[in-house]
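**Q** Each chain is listed here by its residues.
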Amino acid sequence: GAVVSQHPSRVICKSGTSVKIECRSLDFQATTMFWYRQFPKQSLMLMATSNEGSKATYEQGVEKDKFLINHASLTLSTLTVTSAHPEDSSFYICSAVDRVRGQLTGELFFGEGSRLTVL
Amino acid sequence: AQSVTQLDSQVPVFEEAPVELRCNYSSSVSVYLFWYVQYPNQGLQLLLKYLSGSTLVESINGFEAEFNKSQTSFHLRKPSVHISDTAEYFCAVMKNTGFQKLVFGTGTRLLVSP
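Chains as they are written, first to last, in our numbering: chain W, 6 to 124; chain R, -15 to 98.
Simulated from the structure, these hints should not be mistaken for lab results. Check each hint, because a few of them may be wrong.
Straight-line Cα separation of at most 30 angstroms, DSBU-like style, residue types lysine-lysine; simulated pairs [as the list claims (entries may be wrong)]:
1. R/Lys53 / R/Lys85
2. R/Lys53 / W/Lys25
3. W/Lys71 / R/Lys33
4. R/Lys53 / W/Lys60
5. W/Lys25 / W/Lys69
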């Protein structure tokens, strides 16, 4: 099946630093990727929709300058948490739409997630 | 807008017993429906989906779900659970008009004990 890889899987950083999380579609091209945030024992909340070659679309309440999203190629999207604070600690999950098969299946493929801990 | 309700936050069950995880949705347009499973510290894996056609869909590991349009439900069932089925299960909907975001329910933790 289609594979979406996230890196790093775990990251610990100091408050005030920036952290970049990568999301790669390994065996398909993804014109659209989604970034979700999951708090402990809660559901996934969509943060933003990332479209290759254009600006991301952020959900209401998500700070654009705080969570920078770049979708520079058909296989890579990055999420940068700028000036991270302890309240940004969370599980971040990306998902990608297969540009070809997705039209038929409607299926999103999810990465393994990245756990961010801000000290 | 779409919304998903999973009324049960946690469902404890004994091994080999049947289980049903409930999911109800709300939408003014037609939707695709999904069940995802999440094991501890992992991402989500698609369990099964309903796009069109037969309202009963099955997964390879014995789960099934039935789309009921009149009741706006997509409950997940398994006739006999295993310890390894212990996980978090998320129901999700997507508008069927192209690539849209998934809207997730709050999840149901299935706890299977011996």
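**Q** So, for every hint listed, does it hold in this structure?
**A** Structure-based check of each hint:
This hinted pair checks out: R/Lys53 and R/Lys85 have alpha carbons roughly 21 angstroms apart, not beyond 30 angstroms. Restraint check for R/Lys53 and W/Lys25: the C-alpha separation of about 42 angstroms exceeds 30 angstroms, so the hint is violated. Taking the CA atoms of W/Lys71 and R/Lys33, the gap is near 34 angstroms; set against the 30 angstroms cutoff, the hint is violated. For the given pair, R/Lys53 sits about 36 angstroms from W/Lys60 by alpha-carbon distance, which is inconsistent with the 30 angstroms threshold.
Between W/Lys25 and W/Lys69 the CA atoms are separated by roughly 15 angstroms; this keeps the pair inside 30 angstroms, and the hint holds.
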